[in-house]
Structure formats: structure tokens, C-alpha cells
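Protein chains: 2
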Amino acid sequence: MALLVIGGVAAGLSAAARARRLDPRLEITVLEKGPVISYGACGLPYFVEGRVREARDLIVYTPEYFRKERKIEVRTGARVIAIAHPKREVVLEAGERVRYESLVIATGARTAASGIAGTEQPQVFRLHTIEDAERLRAFLGEKKPKNGVVIGAGYIGVEAADALRRNGLRVTVLERSQDVLLRRDPMLTAAVRHQLESHGVELRCGVGVGAIEPDRVAGVPADVVVVAAGFKPNVELAVEAGVELGRSGAIRTDDRMETNLRGVFAAGDCAEVNHVVTNRPAFLPLGTTANKAGRVAGANAAGGRERFPGIVGTSIVGIFGVGFATTGFSVEQARAEGFSPVSARIEAYSRPRYYGGTKTTVELVADRASGRLVGGTVIGEDGAAGRINVIAAALHARMRVDEFEELDLAYSPPFSPTWDPLLIAAQQLKKSCR
Amino acid sequence: MALLVIGGVAAGLSAAARARRLDPRLEITVLEKGPVISYGACGLPYFVEGRVREARDLIVYTPEYFRKERKIEVRTGARVIAIAHPKREVVLEAGERVRYESLVIATGARTAASGIAGTEQPQVFRLHTIEDAERLRAFLGEKKPKNGVVIGAGYIGVEAADALRRNGLRVTVLERSQDVLLRRDPMLTAAVRHQLESHGVELRCGVGVGAIEPDRVAGVPADVVVVAAGFKPNVELAVEAGVELGRSGAIRTDDRMETNLRGVFAAGDCAEVNHVVTNRPAFLPLGTTANKAGRVAGANAAGGRERFPGIVGTSIVGIFGVGFATTGFSVEQARAEGFSPVSARIEAYSRPRYYGGTKTTVELVADRASGRLVGGTVIGEDGAAGRINVIAAALHARMRVDEFEELDLAYSPPFSPTWDPLLIAAQQLKKSCR
Chain A
1 MALLVIGGVA AGLSAAARAR RLDPRLEITV LEKGPVISYG ACGLPYFVEG RVREARDLIV
61 YTPEYFRKER KIEVRTGARV IAIAHPKREV VLEAGERVRY ESLVIATGAR TAASGIAGTE
121 QPQVFRLHTI EDAERLRAFL GEKKPKNGVV IGAGYIGVEA ADALRRNGLR VTVLERSQDV
181 LLRRDPMLTA AVRHQLESHG VELRCGVGVG AIEPDRVAGV PADVVVVAAG FKPNVELAVE
241 AGVELGRSGA IRTDDRMETN LRGVFAAGDC AEVNHVVTNR PAFLPLGTTA NKAGRVAGAN
301 AAGGRERFPG IVGTSIVGIF GVGFATTGFS VEQARAEGFS PVSARIEAYS RPRYYGGTKT
361 TVELVADRAS GRLVGGTVIG EDGAAGRINV IAAALHARMR VDEFEELDLA YSPPFSPTWD
421 PLLIAAQQLK KSCR
Chain B
1001 MALLVIGGVA AGLSAAARAR RLDPRLEITV LEKGPVISYG ACGLPYFVEG RVREARDLIV
1061 YTPEYFRKER KIEVRTGARV IAIAHPKREV VLEAGERVRY ESLVIATGAR TAASGIAGTE
1121 QPQVFRLHTI EDAERLRAFL GEKKPKNGVV IGAGYIGVEA ADALRRNGLR VTVLERSQDV
1181 LLRRDPMLTA AVRHQLESHG VELRCGVGVG AIEPDRVAGV PADVVVVAAG FKPNVELAVE
1241 AGVELGRSGA IRTDDRMETN LRGVFAAGDC AEVNHVVTNR PAFLPLGTTA NKAGRVAGAN
1301 AAGGRERFPG IVGTSIVGIF GVGFATTGFS VEQARAEGFS PVSARIEAYS RPRYYGGTKT
1361 TVELVADRAS GRLVGGTVIG EDGAAGRINV IAAALHARMR VDEFEELDLA YSPPFSPTWD
1421 PLLIAAQQLK KSCR
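Chains as they are written, first to last, in my numbering: chain A, 1 to 434; chain B, 1001 to 1434.
Hints were generated in silico from the structure; no laboratory data involved. There may be inaccurate statements among the hints.
As the list claims (entries may be wrong) - No farther apart than 30 Å at their CA atoms in a straight line, the calculated lysine-lysine pairs in the DSSO-like style are these: (1) A/Lys431 / B/Lys1068; (2) A/Lys431 / B/Lys1430; (3) B/Lys1232 / B/Lys1087; (4) B/Lys1430 / A/Lys71; (5) A/Lys430 / B/Lys1431; (6) B/Lys1359 / B/Lys1430; (7) A/Lys68 / B/Lys1431; (8) A/Lys359 / B/Lys1431; (9) B/Lys1068 / A/Lys430; (10) A/Lys359 / A/Lys430.
For clarity, every value in this text was computed on a predicted model and none was experimentally measured.
When you get a sec, could you build the whole thing from the sequences and use the hints?
Laid out in C-alpha cells, this is it:
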């Protein structure tokens, strides 16, 4: 039995490690096209910012670690150019062929930026790999650019804007759609806009970029440009091998993370997962999902029988010290998914005012007919991550608003007010669910 | 229809306000024995510490507010000395009789300190009312005591120790039992001890105090003493009126917060509530529970039909900057409740180390046979409240460990690591549940 994993970041390494746990004798090989493995891609903006001093601090494990401690062969610089599934082998760029009995495709995603001309200029960067971040940081130090443009207002985009601004640049974010953070949610967009603009970052929505000029983008002066738009799953290898895609364009899998090809699994930013709120496939590429789905893929690729129940779409991003956290669906998204959404939005203090609480916004979204919670948003300086996670747990449990309202949450002045903002929002929303 | 509420702090005022919402014309009177209403008793230690400057900052509402804005008559200094239920009236200390059709008993609790001699000396304080806190703070300012002893290592006890220590005193906490924070949990006690002692506060467990001497307590030098032990529900009025108590000694109610007497409700620190994990009555007097149960009592006293599903026993206390949070049962408590508990305890970083994460301890307790979570503990400098609340939500939802392990929790370096400590603990615990 031999397991081959394509991709050495979150999903791929989770799969390999989990397979090893289940089968101490399985032959496991991980092929990574880049020079390093196991890096926290989500940490790159903090390296650009300067908060993280050394890029190597973002690397969690080395190939040597996997070789020695896990007996997993990890090969870097090993780019796969084809999967020949009938023969159960992959072809490397150099011509070498590697056999497998089971295969985990964890090829990740890329910032495609397709349709944008001029991305090959020296002042244009992506923020996807450690080398990307090192090149950008070196450029900031050497060229001392004054005006930065970020294309795309997704997570990496707003984090990059925050990082550039903290380096003293004037920063403009250009976003093709009307929404930020990949969520159709005017309230969230307005809140993010307010936070960016009150820290000197301009946000322009509805601006599609056709070309990056040497000194400007869409009319905005720019001597450094970060392209953080057009996130696309790397599925070409899989498609050529006969792997089917879902409607999102990412690889379709069952709840064991197996593709339509027997013995071929997929996980991470290249694959769909089940959305627990709708019980339908979704493409929400995040590191946490990659790790969880990767584990399940690895377990099953090693002969186990595990299932991945799926995600509820929880995420958080920090913008100039405020957390913007979401889970499940916004009102607009819930409607598109077939719910009849009702929502309540409240502003309350994160802690008693006498203990220095700050204003926290909570929005809860429920399905009017069933009263079931289907989403939420929390925005605040402190406690946003904890609060969104409580909503996430409620979504997993298919909790109704009236049940959520009764949650016995922790109270003590240094941590929260007597009525947690979550419960105040639930009390409001309950009135709309009758 | 006339509603009378005895007690003007958390439960009583929640009941009155909720009753008003349901019935705009109901005659509602609140009788409070003390001089002020609606104060955050949980904030008293922070006033003693000096962080909260003015005691009045702890007062949320005034009687005038209730009179004007809610049309609720609030009488302070109105001590009830008897409930004459057959006549449906209460007797005040001054002899006055007040009629009711429905009654909410929210008489709270007290620090009984029964069996301790010498509590009437000038250097001995309680920390139950605003006057208690003001007297203690004045004493600290005027007498400049050097050695403080706190009797009782419950929430108020450890918070008082923290507050005294921050005022420069040498502090010793004496606790009769072997446990702190009212929880049979050696791990928690060890962690609290370590935190107290590393900040110069001595903790002595298993020390029963018979008498407070003028300059010492149980052999420990003491020129100021805070009695925070022997918390007892104020049930005497209720008992004399024929209200039955539960096994805990607090007032027994049904899930509508009604006592055995028709039309007489009880809520707050004088009453039991349902424990969701066991579905049995429990006495866990906390402000959050008082508010929630008070609302239900008020709604039903006003003719509504609401039920209070109950609590899971969530609480948190801050000790020198670290949050100690618990919910559900410890291993020892779970065993006493008839479960066959298994547990896992892990230590992990609250955020990636490159982003300044600090060590967080998570313990999860489950029932071996069913795999159902029955309790948890989180100890950490940041994120403890949010994390305990996720466990609390899981207890409400009767979640199993394998379900909890799959929770889609928010991740971003400023807020949490890729694998949240909660999920790492669940992965560990799952191994014991098979």
C-alpha cells in the first residue's frame, strides 16, 4: 500500500500525518512543488507588516521533521504535471513517475488575476507563498513606495492593506464587486469601509481592473500593487485525470473526501466541502477547513472510514485592531440559499462600561418559518472570535433562536456584560420569528 | 391584577421589567430592603481594587428610572418581614401591608458566616452590597492595613484577594474545603493556587475558621478580613409562607419558576434552577441566571406562559489577568452525578506563537458510554470566556465529543491558532470515548 499526496501545506500534510497515525507501516510520500512546506499562509500579511520578523517563523514543520518523526517522505520542488490514474501514477516535471495506490489531491488554489494585464511588472506582488511575502517586504524596504494599491477586498486583500498602511503607505483597495470579504452583506461592507477609511485606507467597490500601469491602477497612483483577487482552485491536474468538479469549479467529493475516482481523495483549497447549514456542497477555502478535511481524506486514503460532516463558513479577519467575524449566511446569502431570512442587529458593550467595554456589533440571521439560526456577524475590538464561535457551534447544532437566547454564557466584568451581546441580539431576533 | 416583587437587584428587576413588557397596564411594585437597587454586585471587587472609581458607576438603574420609564413602583428601604399568602399580602417592617395577586420572591442570598465568631469587629467586612464595598474601601484608605485575610475561595473570595493584593497588602485566602471556586476539581484548584501564589497571595485549603481575632485569623496575621464564605439563599420568608425548598436548601420551582404555591414565583440567588446537563434541579447562584430566570418568573407572574430550560453552570473569574472559566461538571462532579466521566486536558497556544499567543489550558469532560460532553474548563490570559462559551453552547445542544471536534471555529493569527485549543482537547478526548 502506498499513499501519495500532492501538496505540502495544510490539507496535504494533515492528510499524510493522519494516514500515518492510522497505519504505521503505510508508505507515504508528499510532493510539494514549492521550496518549503507547512507554512502559515495566513501569517504572510503579518510578515509584510513587520510584526513577524522572520519568514521562517511562519514555517511550522520541515521536511526533515516529517521524515524523521513521522516517517513520511516529503519532496519539495516536486511539481506534478500529470496524474495517470489508470496506471495509478503521477508524472513529475522532470519526467519521473511516482506510483500510488491511493492519492490525495491537495493542490490548493492560486490568485489567478486572469484578465489583468501588467501583473509581471516588478512592483506587482501576490501574497500567496513565503517567497511572495519576502519579495514584497524587500521591495518595501528598498524602494520605499509611497502609494499602494490592493486589488481585491477579500481576507488577504484587507490584511495586506492593513499591513501596507502600517508601513506608512497611502493605500487604496479596489474591489470588483460591491461586497468585501466574499460575503454579500451591505452592513458588513459598510463596517469594513468605515474601519478602513478611519485608518486612512480608501476602499473603492465596483472597480474592475483591466490593467496595471507602471505608476497607477484604475487611475489611482500606485508604486506598489498587491493582487489579491481571483482566487481559483488548482484543479487542472485533477480534471485531466478525470476528476469531476462541483458547481463552484472546485473538486467535488463525497463526505469521505473521495472524488468520483475510486482511491482518489481531495481536500483543501482545491476542493468543495459540505455546508452544514444547507447540507449542500460549498467552496470556502480556508486553512481550518483544509486541515479538517485533509485529516479525513488521509484517514480514508489509508483505509479508514471517516466522514467529514462539513463546515458552517466561520471566519474572522482583523482590520486595524477590530475583528470582523462571520459564520453561516448573511441575509442576502440566506435568501439565495432558499431561506426566508429575518435578522436583528444590535450594538452593545463587550464588557460593563465601568470595566472598559468597547462597542460590539452582533447580527443574527434566522429562517423565519423554523426559527433556526442560519448565520451571524460579530464586529468588535475584543471577544469577536469567541462570540462568532458560539454562533458557529449553534449552527452546527441547528439551534433555534429561542434556544440560543437561553444559552448560559460566562459572565464576569473583566470578560463580558451580564447580558452578553449575543443574547441581546437573540432577544431582538426572537421577536421577528413569531 | 397586581404584581409584587420582593428584591430589587438582578432577578427582581428582570421580573418586573419583563412583566411590564407583557402587560402594559399591570400594577407592578418592587420592594427592596436596601437603599439602592440594580447594582452590579459582581463589580464590587473592582471598586475595592480601585479600578472602578465611583460606587455609583456600578448602579445600572435608579428607582426613578423604573418609575418614569417603566411605570414600575420601586420602593427602597422596604423590608418585608412576612408573606401572608392566604391573604395575598406581605407585611413590611413598619407594619404596612401590601396586597398582591401574584408574587415574585427574589430575596437573593447572603454571606452567612455562621459559626464564625468575631464578625462584628470593625476590621471585618463582607462584599455583598455597595455599602459593604464602600466601607471596605474607606477602611483601606484610612487604616492602611498591611495584612489581609479572605475567608472563602469562591468567586468573590478570590476576586477580593486580587483586589486587596493590588492595594499592596499581603493576602492569605483561607478555604474550608479542599477546592476553590465551589468546584470539586483538583486541577482547577492547583491552577488557581499557582496563579494566586505567583502573585503573592497565599491559599490555604482545609482551614475552617472558628473565630476572627482582633489581629489574626486561624493564626494568620490580619488587620483586615473579608468574609466571603457560607453563601446561603434567603429563604426564611418563603419557608414561613409555606414555600417548599429543594434539596439544595434553595427554593424549588418548576420550569415556569413557580413555587409550590400557585401565583408565587421565585428566581435569582434564592432559587434553584434546572441543570440542562442532568435535567435535575441545581443551586448555582449567579447574576446571569438571576436575570434569565427572573424574566421567566416575571412573564409568568404577568399571566404569560414561558419556561426556563435551565443552565449548564457556566462561570468565569479573572485572577491577576488570567481567566478561569468552567461549565458543566468536573470529572469528580460528573461522577457524583452518575456519569462515567472521561477527560482530556491539553495546553496549547491561544494564538500562533509568531503572533504572541499565550498558553491556554483546556479540559473537556465527557460521558464515556454516550460520548456526550458534560463539562469543561478553560484557563488563559486571552480567549477563555469565548472558549468556555463554545463548550457551554455544546452542553446546551447535548453535543458529543466527535461532533464537537468538527466545529468550524474562526481562525486568523490575531485571534486563534489554526487548530483551536478546544479542538485539540476534543481530539484527545475522542480517543478515550471509544
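Taking the hints in turn, this is what the structure says about them:
1. A/Lys431 / B/Lys1068: Judged against 30 Å, a Cα distance of about 25 Å means the pair holds.
2. A/Lys431 / B/Lys1430: Roughly 39 Å between the alpha carbons, so the hint for A/Lys431 and B/Lys1430 is violated.
3. B/Lys1232 / B/Lys1087: Holds, at about 28 Å.
4. B/Lys1430 / A/Lys71: Roughly 25 Å separates the two Cα atoms, so the pair holds.
5. A/Lys430 / B/Lys1431: violated (39 Å)
6. B/Lys1359 / B/Lys1430: The hint holds at about 22 Å.
7. A/Lys68 / B/Lys1431: With a Cα-Cα distance of about 25 Å, the restraint between A/Lys68 and B/Lys1431 holds, given a limit of 30 Å.
8. A/Lys359 / B/Lys1431: Answer violated: A/Lys359 to B/Lys1431 is near 41 Å, above 30 Å.
9. B/Lys1068 / A/Lys430: holds (27 Å)
10. A/Lys359 / A/Lys430: It holds: about 22 Å lies between the C-alpha atoms, which stays within 30 Å.
The structure fails hints 2, 5 and 8 (numbered hints given earlier, in ascending order).
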